[in-house]
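Each chain, written out:
Protein chains: 2
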Amino acid sequence: MDNKWVYAFAEGDGKNKKLLGGKGANLCEMTRIGLNVPPGFVITTEACLACLATPERSLPDGVMAQVRDNMAALEAATGCTFGGRDKPLLVSVRSGSAMSMPGMMDTILNLGLNAETLHGLIAQTGNPRFAYDAYRRFIQLFGKVALGVPDEAFDAEFEAARQQAGVKHDIGLSAADLAGIAERFLAVVHEATGKPFPVDPHEQLEIAIKAVFNSWLGKRAVDYRREFNITPEMANGTAVNVVTMVFGNMGDDSATGVGFTRDPGTGENVMFGEYLVNAQGEDVVAGIRTPKPVAEMAREMPDLHRQLVELRDRLEGHYREVQDYEYTIERGTLYCLQTRNGKMNAAALVRSSVDMVREGLIDKRAALLRIQPEVLEQLLFPRLDPKAKARPLARGLPASPGAASGIAVFDADRAEALGRSGEKVILVREETRPEDIHGFFASQGILTSRGGKTSHAAVVARGMGKPCVAGAEGIHVDVQARRAIVGDQSFGEGTLITVDGTTGDVFIGAVPMIEATFSDELATLLGWADALARLQVLANADTPHDAERAVRFGAMGIGLCRTERMFNAVERLPIVVEMIVAETPADRQRALDKLLPIQREDFAGIFRAMAPRPVTIRLLDPPMHEFLPGERQLVEELERLRHLRETVNGLQVLHDSVDFLYRVREVHPHVDLPADPVLVDEVIAKKEAMLKKVRALFEVNPMLGHRGVRLGLTSPEIYRMQIRAILEAAADCRREGLAVHPEIMVPQVCTAQELKTVKGWVDEIRAEVEKDCGFTLDVSYGSMLEVVRACLRADALAEDAEFFSFGTNDLTQATFSFSREDAENKFLPAYTQGRILQHNPFEVLDVKGVGQLMELAVAGGRKTRPGMKVGICGEHGGHPASIAFCHHAGLSYVSCSGPRVPIARLAAAHAALNELPGHSTSL
Amino acid sequence: MDNKWVYAFAEGDGKNKKLLGGKGANLCEMTRIGLNVPPGFVITTEACLACLATPERSLPDGVMAQVRDNMAALEAATGCTFGGRDKPLLVSVRSGSAMSMPGMMDTILNLGLNAETLHGLIAQTGNPRFAYDAYRRFIQLFGKVALGVPDEAFDAEFEAARQQAGVKHDIGLSAADLAGIAERFLAVVHEATGKPFPVDPHEQLEIAIKAVFNSWLGKRAVDYRREFNITPEMANGTAVNVVTMVFGNMGDDSATGVGFTRDPGTGENVMFGEYLVNAQGEDVVAGIRTPKPVAEMAREMPDLHRQLVELRDRLEGHYREVQDYEYTIERGTLYCLQTRNGKMNAAALVRSSVDMVREGLIDKRAALLRIQPEVLEQLLFPRLDPKAKARPLARGLPASPGAASGIAVFDADRAEALGRSGEKVILVREETRPEDIHGFFASQGILTSRGGKTSHAAVVARGMGKPCVAGAEGIHVDVQARRAIVGDQSFGEGTLITVDGTTGDVFIGAVPMIEATFSDELATLLGWADALARLQVLANADTPHDAERAVRFGAMGIGLCRTERMFNAVERLPIVVEMIVAETPADRQRALDKLLPIQREDFAGIFRAMAPRPVTIRLLDPPMHEFLPGERQLVEELERLRHLRETVNGLQVLHDSVDFLYRVREVHPHVDLPADPVLVDEVIAKKEAMLKKVRALFEVNPMLGHRGVRLGLTSPEIYRMQIRAILEAAADCRREGLAVHPEIMVPQVCTAQELKTVKGWVDEIRAEVEKDCGFTLDVSYGSMLEVVRACLRADALAEDAEFFSFGTNDLTQATFSFSREDAENKFLPAYTQGRILQHNPFEVLDVKGVGQLMELAVAGGRKTRPGMKVGICGEHGGHPASIAFCHHAGLSYVSCSGPRVPIARLAAAHAALNELPGHSTSL
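Taken in order, these protein sequences are the chains called A and B. Residue 212 in numbering that gives the first Met the number 0 sits at position 213 of the first sequence, with consecutive numbering throughout. Residue 666 in numbering that gives the first Met the number 0 sits at position 667 of the second sequence, with consecutive numbering throughout.
It cannot be assumed that every hint is accurate.
A pair counts as met if it fits within one copy or between any two copies, since identical chains are not told apart.
What the hints assert, rightly or not - Computed cross-link-like contacts, BS3-like style, restricted to lysine-lysine with a CA-CA straight-line distance of at most 25 Å: (1) K758 <-> K14; (2) K862 <-> K847; (3) K755 <-> K847; (4) K3 <-> K17; (5) K847 <-> K758; (6) K209 <-> K143; (7) K770 <-> K758; (8) K862 <-> K758.
These are calculated hints, taken from the structure and not from any lab test.
So that you can see chain A by itself, here it is in the shape it has in the complex (with noise of 0.2 Å):
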C-alpha cells in the first residue's frame, strides 16, 4: 500500500501531534467533536521530513496525488471549484509542527487566486473591493514566502499607492486602488524572480507546500528550536495545514478575531480577546489596525458574541487547560480557525490553576503540572516602586506584565549585539515580525508604538514573562533616524526608559523598583507543592536579612550560611586582616578574640530569624589572600606612599619650625597633606607587612589549594573560634526560649581523618558551652561533598558526619578539571556551541559525570548512616532540572537562593509526580 501522506480534518487522530502537528492535530479535533472548522486536510511531518531528505528537496511520490483527492474532497463539500471561474475554491496554507512556536512558520492565504478565479470572487461576493484586497494580499505573501522577495519591495509600492489614493488606513482605499496595488506587485514579483507570477492554483498549492516544508529549516525556525532546546525528539518537521478560506473581510457583517478562554495575563475567568469587523486574521496578528476587545462584541453583534462563548466553554471543557483561539466570522457564521494551549505569564498560570482545580475542571496534580517551574521566575521580578510617582512619557497597553529599565534601541540585531556586550536594552520598535525574535531574546522588556494586547510582540513577550508595552500610539518611532518623539519630547537610542507592562506606562529614566510579593493563589498552589514534594527546600542565606527573605519565599530552613561575606563586611575586613598578618600565635589569638563576639551576634540574628527551622552553617571556606588586597595594587600603594613619605619628610626638614603645611592649604586647599609623617610610616609598615603575606600566600592554583578544611587544620584557632561563636549563639537563643537547631558544616573535605579532627573540636567546644549554659545544645555535624574524594569515600565521612551537603559548582571544576573563571571565559563558550558539551555544566547539572558521583555518595553514605541526610548547597540546587536529579537521586533536600525558592518548590513537586506512574520523568 501507498503512504497515507494526506488527512481530512474528519479522518485525522486529534491525539497525534508528531505526525499531524499542533495545529492541525487540533484542527483534526475540533472537526471530531463538532466545532465548525472549515473543511481541510492535513499533509504529514513524515511528508515534510521525506521532502526535506531528497537533494533537490522535492514531494515524495503520491503526495501531490493525495492532495488532489483532498482537493476534490474540499470542492464536493464547499460546492466550490478550485481554479474555477465560477465560485472559485481559496484556501490557506498553515505550517504547524509538535512544538507550538508562534510566529515562527510561514502561512500563505488565499490560494488559489489568479486573473480568472478573481472575476469569479467578484461574481459571487459581488464584492470587487474585497475580491481585489484578497488577490493583492495573496500576491504579497506569496511572492514573500514561497518565492522569496522581500516585503520591503511589496510595502513601498504599497505605501507608494495608498499616498497616491490620500488615504490613511487600507480601510480607505477603494476597489480600484487595491486592483492597481495588485498589478503592481505582480510586477514586483515578476522583477525579482525574471518569472511571471505562477498563475495554475495546482503549481500555486505545490510551489507553497514545499515553500512550507522547506521554513522548517529556515533561520528563525532554527534559532527558535536551539533557543529553547527544541530537540527531534519533541518535534520533526512541520505539517502542511490547507484550509478552505473563509473571510472576515466580506462586509459589516464579518469579523475576524483572536481570544483566550481565559485573561492570560491575570489568568481571571473571563472571556478575553480582540476582533476587528471585516478584517482578515492577520490585520489582528500583525497589529497593523487597532482591534475592539471582545467584550464590545456583546453590544455590537449579540448573537455571535453568545456562539463565542459557547465555543470558548466547549474548547476549555474539551481540552481543561486555557485554550489561544483564532476565528472567523464570514456574513453571520462562525467558524474556529485554530486552537491551542495558551502561552500566559507566569501570574496568570497560577491564577488559572488555583480556579480550574476550584472549578472542578482539573485535579492539584495537572494544576502544578501545567506550569513550568522557571516561569515562577518572572513572580519573583521587581515591579516598579509605587512610592517613585515618576510621570510616564506615555502610555499604551499592558501587554505582558513586569517592568524593565534599559536603554532604548531600535532594532533586533542592535539588540542583540548589545545584550550580548551585557547592556540592559529596552527594544522600541513601530510593530515585531518574527524576523525580530533574536532582538526579544536580548531585551529586558519591549515597546511597540502599533498592535494590541494579542500583536506578535505581545504574544512572544508574555511567552517569554518579558514585560511588554504594546500599541502605544502616542509614539512615533522612527527607526531610520533611531529616535522616538512623543509629542514635542523624543529619545535616542541609548536613552535609559523604563516600560511597566502591567500598566503599560512608559518612562525616561530609570524608576526604582520593588521586590515581588506572593499572590494568595500562588502560596496555595506551592502549599500543594510542598504537600507532594518528597525533597524539602532549603534556602542559601547569610544574613538575618535574607534569612528573613527565605522564610518569606517558604524555605524551610536554611543549606547555607557562608560566614566568609561575614568576614568581609566593610567594618570587620581590619580585623580578619589583622589576624591573617599576625606575626605570632597570640597577636592571631587576639584579632580572634575580637571576632569572636561578631560571628556570635551574625548567628544569633539568624537563629531567631529562622528558629525554630534548622540552620546549616559553613566553617570558612576560602583561602586567606581572598581577604587581602591584590599585590599589584599594594606595590602601587606603597609606591605612591614613599613618594609622599619623602616629601612630607622633605617638607619636614625645610620647614620644620614654620607652619609651612597651613600656609600651602590657604594657597592650595584641595591639596591633601598628611599632618604627621609618623602615621604615614606606620601605614607604609602596616602595607608591607600585608604585601609580604599577601607574597606568602600566592597560590598557582587557589582553587585546590590551602583552603576550607585544609586551612582549618592547619590555623585550628579560626574554625575553633566559629564553633564556639555558632554554639554559644545556640545557647543565648535557646535561653531566649528559641528553638535553635545549629547544622556546622565542614567544607572541601576530602578524607574521614579531617571530619574526625574537626568533630574533636566541636565536641570539645560543645562540652565547655552546655557546662556553662546548664543545658544541653541540639547540634548536628555534617561535610561539605565538593571534592571527588569526599564522595568516593562518603561511607567513611559517614562515620562521623550526620549529613552530607553536596557543593556542586566546586564538585563540578573537579570533576570536569574546568576551573569556572577560565572555562567560561576561554573555552566553554566553544564547548556549548559546537556541541562539545550539551550545556554549561556550570548551569545545569551534569547528571552523567558529577551525577554518577553524587549517586555513589549517597549510596556510600548511607551504607554507614541509613538514611541520612542529604542534600545539595550548589546553584544547581535552584534549577528544575537538577532538581529533579537531586529527587531521583533519593536526596532529602536542596537549597538555593531564597527567590528561587518558590521555583525550586514547585520543581520538587514536579519530579514527585513525573515519578508517579502515566508520566515520563524528566531526566
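On the provided structure of chain A, position chain B as indicated by the hints.
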C-alpha cells in the same frame, strides 16, 4: 590456666616471630636444629604489650614467677647459680621484635654481677682482669639502659682512668685499673640516680626486663618505625631474650665475631666477617677496636674456622637466605649467639639471588621475592667517573657501595636540618650510634673514622642503600670544632666532599659521576621477572636519547612521549612563540608549517630507537602561557627597552649629522649602544605583542584551564600539525623497513565528544598520508584518563578510544582538589605529619580514592571494548605499591621514567607472585 609469658629456647616456635620477636624465634630455631646456642629463654611480646598497657608500666602477674622458673632451669643446665658466690650465672638481656631494627633496641650484658658474684667470677675464671672488665661494662650498660644515666658521665671517668694509667687501648688497662673504673662507675650511678646501684641479681633482672619493654616506646624506636612505616600489624612490642653469658674476652683462646654467609657488599658466595680475639661482641659492632677479617682465622684458629664454616653452611641450608650471624668463642668453644636475614645492598641481593637459584637453594619465585623492588634504585645510582682520576684525600673501608657528594656535616641534628632545607650533606662522624639515625635519613652518604664493615655506620648505611666509607683512620674528626683533619690538610662544616663507598675513597670537592650499568645477574633476574609478570613495563621518554636508554633498561615500549618538551627546546621556542602570538590564522599556519618538519624528525628519531616497540605520543598538553615569559618579566624588559629607545632617540635627534655613536664607542668602548633605533622598535613591538598575549592568556587556575584537548579543540591547527607529523614520521620509518606502532593519545579528555572530534582529524589526515605513501599505517588512538569525569565516562570514551592511559598526577590533583605545587608547599607536610593522610598521595597512589576511580574506568572501558589496553603513565607508574595496585586493578601496563623501569619490572613480577596462593597480596 595462667598465661604463658616465657618460653625456653627449646620450647619456642621458631616461626612465631610475632610472639617471640625475630631474635628470640631464631634462637629457639637454632636450638631446635642443634646448633650450639647458650641456654636461655624468651619473654614474649605479649608480656611487653601487657606491661606497656598498665599505667605504671609494671610487669603483668606471673611474668617474674615464670622468669624465676626458667632461671632455675638455666642454673641446672649450666651448673652455675644466679647471684651465687661460686660459679655465678651471668646473663645478657636483649630486646628483639618481629621486625629487625638494627641497633634500635637496648641490650644489657653481664647481668647478675655485683661485688659478691664478681669474686665468684674471678675464682671461677682465675682472670681478675676479665672479671673487672665485665663488671665495669655491666655497670655502664645497666646504668645507661635501665637507669637512664648518660654515657658521657661514664666515658669521662673512663678516659680519666685511662690517661691516669697512661695506656692507649682498653686492652692495656690492668685488672686494678678496671676495678678502679668499676668503683668510679658505681659512684657515677649513685650520684646520677640518688640511689646505690642495685645489687640483687633478681632485682637487676626485673629492672632490665622492664627497661627493654619500655625501650619499645623510646624516641629512637618510634622514629624508626615511623620512618619505615612499620605498623602494629608488622611488629607490636618487643620480646626479651635472657641468655647465659659466654665470653669472648676470656683470653687468647676466646674471641667474638660477626659474619655474613655471603659477602653483603657483592653477594659473592664466600665466608665474610670479622672477629676480635679476646673481646666482647660489642667491641666489634661499636667499632672501638678494628677487627680482623675472618680469612685470618683460618690461619690463626684453623679448627674454629672449620667449625665456623660448618655453622655458616648449616645456617644458610636451613634458612635458605643469606644470614647475618654473631658468635662467640669461649675458651675454644664456638657459640652462635644470633642469626637473622642479612641486610645487603642491591648488587649483593641480585647476585646472591641468581647464585642461590643456580645452586638449587631456592626457586626463581623466592629469588625475585627476596628483593624489594625499590632497592634496585641503588644499582641505578651514578658512580664515580673512572676518567675523572681524582686524587683521594683519605681512604677507609668500602662499607656500603655507591658514591655521593655533599657538604660535610658533623652531627646528625645539623644533617637533618640542612637535609630538610634541600641541601645535599655527607654525615661525618668518628663513629655512629643508634641516636644518629635521623642524620642517616637526611644524608647522601656517611663517613666514619673508626669501625669496620660491620660497624653501626656500615650496617645502617647498607640497609638504606646509602654510600658509606667506614674506619677511615687517617681522618681525625674533631666534633667540637666541626672539622676533619687529615695530616696537614683539613675540612670544615660546609666543605663539599665526595665519598665512594665502593672503593672507600674520600675526596674534597664533587667528583664527576657516570650512570650505572646493568650487571649480567640483574639482566638474568629481570628476565625471570618479565616472564612471570602480567603487567608490561613501558617507559616515559621524550627524545631519541631517552628512548635508547629506556630500551637498555628493558622498556617494552614508550607509554608516554610528551610533545611539549620538544616545543620547549631552545631553537624551537621562538617558532612556538610566533605561533602563539599570531594575529591571523595565516600567521599561525606559517609558524606551524615551520614546526611540522621539526616535529616529524623528532618522532621519526624516537620511532627508530624503539622499533618494533609501540610508542604512545601525547598531543600537546600544557596551556599556551607556559611557553611565554611571565608578565612581570616582560613588563620589566619593556621598561628597559623603552628607556633604551629614548636614549637612542635622544642621541639620534641631537647628533643626527655627526657620527656620534662611533665617538661614544671610542671613549666608552664597553657601552653597548644599539646601532639602529628601528631594530629596538621592532623588539619593543614584538615584546608588546607578547605581553598582550600573556595578559589575554592569564588564568586563575591554570591546572584547570585552557589546556590539553580544550586547547586542541579551540585551535585545531596545532593538533592537526602534530597528528600529521606523527603519521608522516611513521610513514618515513615504514619506508626504511622499520616496524613502527605509533599510538596517538589525547590529554585532558572529559567527554566522548572531544575524543570523537579529534578522531575525525586523525582519520582524515591518516587517509591523506596513506594515500601519499601507498601503504597502510599501524596506528592506534586513545585517551589519557586524568580528568575525573573521563574515568566516570570511560564506557562512552571507549567507543572511540582503543586504549586508555591514567595520568595519575593530574587525576590525584582533581580527586583531592589539591594543586600539587600549592599543597606540597602549604599544607601537605602538616597533613602527613599529623596523620590526616598516611602518605603524600603524589608519591603513593591513593588506592581508596583515585584507585576507586581507576577501577571504575577499567570496568567501564572494558564493558564497551572487552580486553581494552589500559595503562598508567603518571609518576606513580614507577612505584612498587602503586604497581601492585595497577596489577590488581587489571591494568595492561605501567609506564615510568627510564631509570625506574627495572624497579617496575621487578615490582610487576612481585604483584603477580603475591597473587598466587600462599602469598598475601601487598594491598
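Hint by hint, here is what the structure shows:
Proximity of K758 to K14 under the C-alpha cut-off of 25 Å is found in neither arrangement, the shortest distances being 59 Å within a copy and 43 Å between copies. For the identical chains of this complex, K862 and K847 are neighbours both inside a copy (22 Å) and across copies (17 Å), given an alpha-carbon limit of 25 Å. Taking CA atoms no more than 25 Å apart as the test, K755 paired with K847 passes between copies only; the shortest distance there is 17 Å, against 31 Å inside one copy. In this assembly of identical chains, K3 and K17 lie within 25 Å of each other by CA distance solely inside one copy; the values are 15 Å within and 86 Å between copies.
In this assembly of identical chains, K847 and K758 lie within 25 Å of each other by CA distance solely across copies; the values are 22 Å between and 33 Å within a copy. With identical chains, the CA atoms of K209 and K143 are at most 25 Å apart within one copy only, with a shortest distance of 14 Å there and 106 Å across copies. Proximity of K770 and K758 under a CA criterion of 25 Å is satisfied intra-copy only: 18 Å inside one chain copy versus 67 Å between copies. In this homomeric assembly, K862 and K758 come within 25 Å of each other (Cα to Cα) only inside a single copy, at 21 Å, whereas the closest approach across copies is 41 Å.
The structure is inconsistent with hint 1 alone, although it conforms to all the rest.
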